[in-house]
Every structure is written in C-alpha cells, then in structure tokens.
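**Q** Here's the letter readout for the chains.
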Amino acid sequence: MFERIEKALEGAGVLVWSILRNHTKTAELYFIKNKLDLPRFNDILQYEVTVCRDAEEDGRKLRGQSVTYIVPGMTDEEIGRKISDAYFAAQFVKNPFYELPDKVTAPHKESPSDLKDLPLEEIAERYAAAALAADDPEAFLNSMEIFIHRKSFEIKASNGLHVSYDTDDVFGEFVTQCKEPEDVEQYRQFNYDSLDPDALTAKVREGLRDARLRANAKEMPASGTYDILVTGDNIPTLFDYYAARASAGILVSGYSTWKIGDDVQGEPEGGERLNLTLVADAPYSSDGVPMVDRELLSGGVLKTYYGATRFCRYLGIEPTGNYQKIRVDCGTVPLAEMRKDGVLETVSFSDFQMDFFDGHFGGEMRLALLHRGGSAVPVCGGSVNGSILDVQGKLIFSKERWKSGSYEGPYAVLIPGVPVAGA
Amino acid sequence: MQVKSSAYLASLKPLCRKLLDACLGEYAYASVLAADVDAKDYSVSRAGITLSENNRFGKRGFVVRVYAGEGYAEYSGNELSEEKIPEILAELSRSIRKAAEHFERYQTAVSADEPLQFAKSTEYAVDPHELGDEAILDRLSAVRKSAFEKKADLIDCSVRCSYQYCHKLFLSPHRDLEQNVLWTTAALSVTARRGEEVKDAYESISTLGGAELLDELPSHLDKAIATLEDVLRSEALVPGTYECVCTPEVTGMIVHEAFGHGVEMDMFVKDRALAKSHVGKPVASPLVTMHDGAATGYEDVATYFFDDEGNTAQDTLIIDRGILVGGICDEVSAARLSARPTGNGRREAIDHKAYTRMTNTYFLEGNDKVEDMIASVKDGLLLEQPTSGMEDPKNWGIQCMVSFAREIKDGKLTGRIFSPIVLSGYVPDLLKSISMISGTVEHAGGGFCGKGWKEWVKVSDGGPWIKARIRLG
Chain A
1 MFERIEKALE GAGVLVWSIL RNHTKTAELY FIKNKLDLPR FNDILQYEVT
51 VCRDAEEDGR KLRGQSVTYI VPGMTDEEIG RKISDAYFAA QFVKNPFYEL
101 PDKVTAPHKE SPSDLKDLPL EEIAERYAAA ALAADDPEAF LNSMEIFIHR
151 KSFEIKASNG LHVSYDTDDV FGEFVTQCKE PEDVEQYRQF NYDSLDPDAL
201 TAKVREGLRD ARLRANAKEM PASGTYDILV TGDNIPTLFD YYAARASAGI
251 LVSGYSTWKI GDDVQGEPEG GERLNLTLVA DAPYSSDGVP MVDRELLSGG
301 VLKTYYGATR FCRYLGIEPT GNYQKIRVDC GTVPLAEMRK DGVLETVSFS
351 DFQMDFFDGH FGGEMRLALL HRGGSAVPVC GGSVNGSILD VQGKLIFSKE
401 RWKSGSYEGP YAVLIPGVPV AGA
Chain B
424 MQVKSSAYLA SLKPLCRKLL DACLGEYAYA SVLAADVDAK DYSVSRAGIT
474 LSENNRFGKR GFVVRVYAGE GYAEYSGNEL SEEKIPEILA ELSRSIRKAA
524 EHFERYQTAV SADEPLQFAK STEYAVDPHE LGDEAILDRL SAVRKSAFEK
574 KADLIDCSVR CSYQYCHKLF LSPHRDLEQN VLWTTAALSV TARRGEEVKD
624 AYESISTLGG AELLDELPSH LDKAIATLED VLRSEALVPG TYECVCTPEV
674 TGMIVHEAFG HGVEMDMFVK DRALAKSHVG KPVASPLVTM HDGAATGYED
724 VATYFFDDEG NTAQDTLIID RGILVGGICD EVSAARLSAR PTGNGRREAI
774 DHKAYTRMTN TYFLEGNDKV EDMIASVKDG LLLEQPTSGM EDPKNWGIQC
824 MVSFAREIKD GKLTGRIFSP IVLSGYVPDL LKSISMISGT VEHAGGGFCG
874 KGWKEWVKVS DGGPWIKARI RLG
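Quick note, the sequences are listed as chains A and B, same order. Counted the way my numbering counts, the first sequence spans residues 1 to 423. Counted the way my numbering counts, the second sequence spans residues 424 to 896.
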C-alpha cells in the first residue's frame, strides 16, 4: 500500500508528505457478573496521509497541511482522488511555515512488552481469569470489559524519515457491586503494558472493598472547607494543569504564558515542591519524532515545553511529540500521617476534573473516607470544587508510590482548605 | 436535496452478502453492518488553521455478528474480499471455541429478525462537499475576525465546523437496510484572561443537514462575548441548595446525564440502573414528560432510520407526567429482558461494540413564561452554559458542571455572577422539585456522549426552561 500511496502523492504533485501506517488488532471480552457476554475481535488497518502545500502571501512563507485516510479496498483511482483533494484543500490552510520532523531512519523496534509473546485471546483470558479470581465476603464483580491491543506502526516521510515499532497493551474497566446494606457500585479502569494479571486481581479486590465501604456510607460530609486527600487514579488529573499549560499548542494558543525557568508552582506555603517528568510511552511520536523522557518541572520550576511538531517549531524548540504518561517524585510524609482527624480522603468521584484554563478542579464524590477519632468513616455524595491556584503552594505528597498505565508517583496528595458542598 | 448512497457500500454489498451467507452456513443467525462514514473537521484559531478527516468516526469497514448457540460473537475489520472470508470465519470460530473452553456464557436468545427492507436518506440544503473547503474556512475565519473587532482583548476566538456523511448498510437473513444521513455542527469559543485564570464562553449549533448551518453562526458571536464578559467578573459560590432556573441547555444536560443514562436498558441487564425498579412509579414532578428517539418529532444530529443492529428508529416515551413508563433498549438487552428493541443499539464506529445509547433526548414543554419563572424566585440562581456531566444510573447521583450562575433576588437578576458551578444531589429529588416549565423549548446537538469514559456517539438534548431546587458547589 505504501507504494500505491507514494505513487498517488507523486501523481498529485505533492512534494512534502508523511504517512503513518497503523495496524491494530484487538481481542475483546465483555462480562456480566462472571459470565461471558460477548467475545469480539477487531482487525483494522489504515494509513494516515498528511500532505503539505507551501505558498507565499504578503512576503510571508506559508505551509498548509491536510490529512486524509487510506484503507484497504480503496482503488488506485480513489486513493489518487483523496490525495488530490487533500492537496487542493491544503492551499487554504494558511499557517506560518514550519519544518517537518528531521529525518530519522532506524531499525524496526519490537514491542518491549512481554505481552508480545502470547496470542491476544490468551492474554485476554488470563486477565479475565485474574479478575474473576478476586473475591470479597460481601461484594462481587458486576461487569467487566477487557481490550488487548497489538499495534504495529510504520512512519515514512518525504524527507526520507522511516521508522517503525510495535506496542502491546491491556486496557479495560470493571464495576464492583455490593447489595447490602445499600445496593451500590464502584467503577474502575485499568491499563497495563506488561503481563501482570496479578495486578488486576489486586485492583479488583480493592474495587470490591470500596464497593463494600460505599454500601456502608450512610452520610454525606457537611458543607465546609476540608483538607482533602486525593488518591490513586485521580492524581494524574490534578497534574494535568501543569502538563497542559506547558504544552506547545496551549502556549501558541495564548492560553498559557509560562516561560521556561518560571516558578509555576508559585509561592511555597508549607507544601512540597513538584518534580514532574514526562514519560515516553512509545519510541516515536505519530510523525516520527524520537521520544524520550523529559523533565517538565523541577522544584516547581518549568524546565521545558513539549508538543506537536508545528507548535514546537513556532516556539523555536525541537519537536518532542505529545506525552500520555507522567512521573512525579514522591514526598516524605507517610500516608498514615496524612490521615489526620478531619481529613476527607476521596476514593472515587463520578468524574474528577481539572480545568487547566482557570485551575478549578472538582467533582462529585462517590466514595470518601472522613477520618474522625482514629477511624475512617465512609461517606458519599457532595462535591469538591477547588482551585489549584489557591492550594498549589500547600500540596503534600505521600511517601507511598502508585503506578498505572499513565502515571507513576505519590499514591496520595493532601490538599489543604478545599471547599466541599455537602449536607 | 437527499443524501446520496455510498458508491463504496454499493460495491461492497455483494461481498457482505457472501460473508453473511458463509456465516449462515455455520451459525443459526448472522448479520453484517457495513459503514462508510465521511467525517471532516475544520477549525480556525490563534494556533492556526486545521483541516482533517475525522478518524475517530470517519471509518469505513464492517462488523459481522454471529449467534453461536448461547450468545453472540463479533468480528470487525476494514478489509473484505472473497479470500478474506474464510479467515474471518476462522477467527470467529476460534474466539467462540476458546471462550467456551474458559468461561460460561451469558445466555441470550437469538434475534427475531423480522422481515424489513428499505433505503432512506436525510435531506440538506447546502452540500458541504459542494460548498468546499475554501468557503467553509472563509466563513469560520470571518467569524473569528469579527470577534476581535468586537472585543480586541480576547486571547482567542476559536471557530470550528464538523460534518459527517454517515452511510450504513445492514444485512441479515430477513433484513436489507440502507441509510444515508448528513449532519453538521459548528461552534465558537472566546477566551480572555483574568490574572492567572483563562475564562471562556462558547456557543454551538447543529443540524440534521448540511453547510446551511454556517449561515447561523455569526449571530451567536455577540452572545458568546457577552457571556465571557459576565464570566470574567464572576465570583465563587457559597455551596448549598438553591432554588434554580435552568436554561434549556442546562435542562438538556440534566435530562441526558441525570436521567437518560439511567434508562439505558443494557444497564438493567447488568443490574446497574436504579430505574429498573421504578418503572410505573413517580420519579419526577407531574409536569415532566420525557422522550428519546432517533425518530422523534425533533430532528437533530442523532436522527437516523435504523440503529447499528438493524432495528428501526423510534420515538420512546420515558417519563409520562412524572411516571417512569420505560427505557430505551438495544437488541441483545431486549432479548434478555423480554422487551422489544427501541432502535437505540449504537456503536462509536464499526470497530466498537453496540450498547444501548441515547439519541435525541428531551423534556416536553410546559405552560410557564420564562419571565414568570425568574420573577417567582425569592433567593436563587439562573444556571447557564453546561460544560460536562457524568452519569450514575446505579445510585442516581448527579454530577453536572455549568460555567456560571446568575444571582436572582426577589424575582430579579442582580447582576452578580458565580463560576464555576458543580451540580450534585439525588436525581429524583431534583426532578420531583421541578415546579415550573416554560412553554418554549430549545435543542442542542453540539456534543458527543460517552458511556462511562469511552464509546462516543453523537447525541442531542434539550427541552424547556425549568425551575427546581438543586444542590450546588
């Protein structure tokens, strides 16, 4: 197919282009309780073709680009028409000129995951069996979806760039349920890039425990201001504020005015300083930029920008690609010490959100633990509505570590003085 | 003008028929859904101009579903040829066999597959293809330029447009269906700085149609800028329960997030929806009547003729004057619940499973005047501009976010603005507290709906202005 596309590009007179081939196979298992609802299999192959068209207007050098997708079954005539249409359209995309990524050629990079050694269906079966193995005296698994992805990428560009790599991952979600004393559920997602079914067993077990706690949560916290403890999967959302505001696209858009060297965490107010690293979860970006781990914040100070090639070029920095994973240094305070009287430990939200525009974070609590008199009282309902701008100098990070597919760092972050709407 | 058929699907149909026949040689039932979705996105902003086919929804391919004794299995792909058919059959056979080795199946009855045959298309006034990329981008750029003429200190005015020509073909032993649907959406957002904060306001519009929608877009700019001015002087709200008047957009979000997800009947099968035990019971004020359907009287972006399981679109009455009368249902869930499918089995794209999903969802209008509703509030808020929401069908909890609220004192807007606002509480408490409903309704289809955190489909929602008591934070 590459040859057919390149021939069509040549026929349309396209001089600057890139092609991303993405072949994804997915084995999927859907469960209701412990019974299999549906097995599915996907096999999708596509070529993302980006065509560029250069021009000059009022003495300004311009480069427009347009993206089209080529899939199996398209005739040469249709491929030629789609590429010609995209090239025609690119002349109306009057963006300032920028260079595409530098030429890179490298041998194929095989998936670094041990998942690659097993058939997709077998991986799905192992993870399903691991999840079903978790048990609890009162709670049970309500439903579960498991997706095993095997992806093969190949990137070529008109400047000779040519790289390829494979990835394997496990993604899914499950719901745990407890019927007494109140019929409730807890929702969790999971994401692994190595074969570790035991990790899913542990995660389901925690979900079962949380469903049991939620079933016994009789009260809503009273409205007021709390020191809240954000934990586990909700923590990366909190740090989205920093990652988003350091992205080249957001800087070019003018939504962020951060400069490298700025202390973006603001004045320390008794809290810990933030050390945050962007972690490469693929060897190349979608346009072929080699990706490496990059220190984003050190002691709360911005160390770099990152982002898509066009925006990085506009900022005058080397393209880095976009990142989906972060690593944060742990703190010095043990979790046990954070759980002081009056602290509201959030376990799960309906949807914990961070608005990087204005720094507001919050959501409705589906389960929280109110630490009171040495015990943790399960509570539910009510909502958190805080601003990172008000609290970022006071953040305390736990000594304990947490790892998921998109995050490595402290298991808990203590945020003092957050408004809560409750009873 | 009617949306034309897809030449690709016409050429693929004989192969789909062969695939179906091959499957029927081995299984009691099979169906093939083939799709050719031409989706394109345009945007003009300070970051530049973008023009791209949309790859999330703009897919071409097929999904074959077979019934293997106790339940279904599916294979989806985008490469179909005579040589490929035995491979597809082998993959289906392998996954069914391995599943049977390791797991007990959740029993499902086979599809009734009542005979049905039609080919239908929606209509449009201006074909986006014919209008062309240059004209579409020019229209968006003109709106952006006008925004800066009206308010020079904006950080940005981002203007977007998307369209989808959605062609689908469904084949089963007794069904042969074709539909061709075109929808278009457009939106603008304006942003300005307040210290370290960036505040924004947006307007979005949608139509079951074509690029004629772009004629409307400039008229929404003034409202977006006025909203932004308001949000820029907003203050934090003291959390509590307030008497609220909701604009139709906020009503739409409450209809969709707070209640609509709870009547998706695949959640009944999983015992994940409290609504299951409330059918026939009061769940809302007697003023409330609620519908969902791809064939309701309100045509919008979620209008179609058949769903992704080959069932005809319907208009489903969900709440009748406060009483929950039923839910919406995909085919597999209907078989498990001994119910009839309501044409709500939808997939994000061909490489996704079908779930019960909403379409065009709304409350019916009432008899009140908006000015009377505001005048009736002693000490409360007018909620505007929804931003997001998350369902909780199991426990009927509410999480909805709105951009801002206007203070109402003694029946008058005071000019004070609070932002941002989180709605929470118990759904029936909110719905039963509805005390006034306006005679005017509005619908919006600018957004997409997820099932949990994934599976995005196009939906519209809306209704009248409502007055209710709501817990806000």
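Hints listed in this document are in silico derivations from the structure and should not be mistaken for laboratory results. Note that the Cβ used here is the ideal one computed from N, Cα and C, for glycine as well. There could be a bad hint or two in this list.
[Unchecked claim] SDA-like mimics (lysine to any residue), calculated; alpha carbons at most 25 Å apart, straight line:
#1 Lys-704(B) x Arg-209(A)
#2 Lys-436(B) x Ala-558(B)
#3 Lys-151(A) x Thr-105(A)
#4 Lys-35(A) x Ser-700(B)
#5 Lys-103(A) x Ala-130(A)
#6 Lys-436(B) x Leu-45(A)
#7 Lys-877(B) x Lys-399(A)
#8 Lys-61(A) x Ala-280(A)
#9 Lys-403(A) x Arg-209(A)
#10 Lys-801(B) x Lys-704(B)
#11 Lys-82(A) x Lys-855(B)
#12 Lys-103(A) x Gln-324(A)
#13 Lys-877(B) x Asn-22(A)
#14 Lys-151(A) x Asn-478(B)
#15 Lys-399(A) x Gln-324(A)
#16 Lys-303(A) x Arg-209(A)
#17 Lys-151(A) x Phe-480(B)
#18 Lys-25(A) x Leu-443(B)
#19 Lys-325(A) x Asn-478(B)
#20 Lys-25(A) x Glu-502(B)
#21 Lys-61(A) x Ala-558(B)
#22 Lys-855(B) x Asp-743(B)
[Stated by the list, open to error] Selected chain A positions facing chain B (in silico; Cβ < 7 Å):
#23 Lys-35
#24 Pro-39
#25 Tyr-98
#26 His-108
#27 Ser-111
#28 Ser-113
#29 Asp-117
#30 Val-252
#31 His-360
#32 Gly-362
#33 Leu-389
[What the hints assert, rightly or not] Here are some chain A residues the structure puts well away from chain B; computed CB gaps all over 12 Å:
#34 Val-16
#35 Val-49
#36 Arg-63
#37 Asp-114
#38 His-162
#39 Tyr-165
#40 Val-184
**Q** Decide, hint by hint, whether the structure agrees.
**A** Results for each hint:
A C-alpha spacing of about 33 Å is found between Lys-704(B) and Arg-209(A), which places the hinted pair above 25 Å, so the restraint is violated. The suggested pairing of Lys-436(B) with Ala-558(B) is violated, with an alpha-carbon distance near 35 Å, which exceeds 25 Å. For the hint linking Lys-151(A) to Thr-105(A), the alpha-carbon distance of about 20 Å falls within 25 Å, and the restraint holds. Distance hint between Lys-35(A) and Ser-700(B) is fulfilled; the C-alpha atoms sit about 23 Å from each other, no more than 25 Å.
This hinted pair does not check out: Lys-103(A) and Ala-130(A) have alpha carbons roughly 44 Å apart, beyond 25 Å. Note on Lys-436(B) and Leu-45(A): the hinted pairing holds, with a Cα-Cα distance of about 20 Å set against a maximum of 25 Å. With a CA separation close to 33 Å, the supplied pair Lys-877(B) and Lys-399(A) exceeds the 25 Å bound. This hinted pair does not check out: Lys-61(A) and Ala-280(A) have alpha carbons roughly 33 Å apart, beyond 25 Å.
A distance of roughly 19 Å separates the Cα atoms of Lys-403(A) and Arg-209(A); the hinted pair therefore holds under the 25 Å criterion. Taking the CA atoms of Lys-801(B) and Lys-704(B), the gap is about 31 Å. The hint is violated against a cut of 25 Å. Our distance criterion of 25 Å between C-alpha atoms is broken by Lys-82(A) and Lys-855(B), whose separation comes to about 54 Å. Proposed proximity of Lys-103(A) and Gln-324(A) is supported: the alpha carbons are some 24 Å apart, at most 25 Å.
Distance hint between Lys-877(B) and Asn-22(A) is fulfilled; the C-alpha atoms sit about 21 Å from each other, no more than 25 Å. Of the pairs offered as hints, the one joining Lys-151(A) and Asn-478(B) holds, with about 16 Å between alpha carbons and a cut-off of 25 Å not exceeded. Under the criterion of a C-alpha separation no larger than 25 Å, the hint pairing Lys-399(A) with Gln-324(A) is consistent with the structure, at around 24 Å. The hinted pair formed by Lys-303(A) and Arg-209(A) fails the criterion: a straight-line CA distance of about 41 Å is larger than 25 Å.
Between the alpha carbons of Lys-151(A) and Phe-480(B) the distance comes to roughly 19 Å, so the proposed pair stays at or under 25 Å and holds. As the CA atoms of Lys-25(A) and Leu-443(B) are separated by approximately 22 Å, the hinted pair is consistent with the 25 Å bound. The straight-line distance between the Cα atoms of Lys-325(A) and Asn-478(B) is roughly 23 Å, inside the 25 Å bound, and the hint therefore holds. For a cut-off of 25 Å, the pair hint linking Lys-25(A) to Glu-502(B) stands: about 13 Å separates their Cα positions.
Among the hinted pairs, Lys-61(A) with Ala-558(B) is consistent with the structure: their alpha-carbon atoms are about 22 Å apart, no more than 25 Å. A C-alpha spacing of about 13 Å is found between Lys-855(B) and Asp-743(B), which places the hinted pair at or below 25 Å, so the restraint holds. Because the smallest distance between the Cβ of Lys-35(A) and any Cβ of chain B comes to about 4 Å, under 7 Å, the interface hint for this residue holds. Here the hint on Pro-39(A) is kept, as its CB sits about 4 Å from the closest CB of chain B, short of 7 Å.
Interface hint status for Tyr-98(A): violated, as the beta-carbon distance to the closest one in chain B is roughly 10 Å, over 7 Å. For His-108(A), the interface hint is violated, the least distance from its beta-carbon to any beta-carbon of chain B being 22 Å, above 7 Å. Taking 7 Å as the C-beta contact cut-off toward chain B, the hint placing Ser-111(A) at the interface is violated, the least distance being around 21 Å. Violation of the interface hint for Ser-113(A) is found here, the shortest Cβ-Cβ separation to chain B being roughly 21 Å, above the 7 Å cut-off.
Look at Asp-117(A): its Cβ only gets to about 18 Å from chain B, farther than 7 Å, so that hint breaks. Contact between Val-252(A) and chain B, as hinted, is supported at the beta carbon level, the nearest pair being about 5 Å apart and thus within 7 Å. Among the interface hints, the one on His-360(A) holds; its C-beta lies about 5 Å from the nearest C-beta in chain B, closer than the 7 Å criterion. Residue-level restraint check for Gly-362(A) holds (minimum Cβ-Cβ distance to chain B is 6 Å; threshold 7 Å).
Because the closest C-beta pair between Leu-389(A) and chain B is about 5 Å apart, less than 7 Å, the hint holds. The Cβ of Val-16(A) lies farther than 12 Å from every Cβ of chain B, with a closest approach of about 16 Å, so its non-interface assignment holds. For Val-49(A), the condition that its CB be more than 12 Å from all CB atoms of chain B is violated, with the nearest at approximately 10 Å. Once the 12 Å rule is applied to beta carbons, Arg-63(A) is inconsistent with being away from chain B; the minimum gap is 10 Å.
No beta-carbon of chain B comes within 12 Å of the beta-carbon of Asp-114(A); the shortest separation is about 21 Å. No Cβ of chain B comes within 12 Å of the Cβ of His-162(A); the nearest lies about 22 Å off, and the non-interface call holds. At the 12 Å boundary, the C-beta of Tyr-165(A) stays outside the reach of chain B, the nearest C-beta of that chain being 19 Å off. Residue-level check failed: Val-184(A) sits 6 Å from the nearest beta carbon of chain B, not beyond 12 Å.
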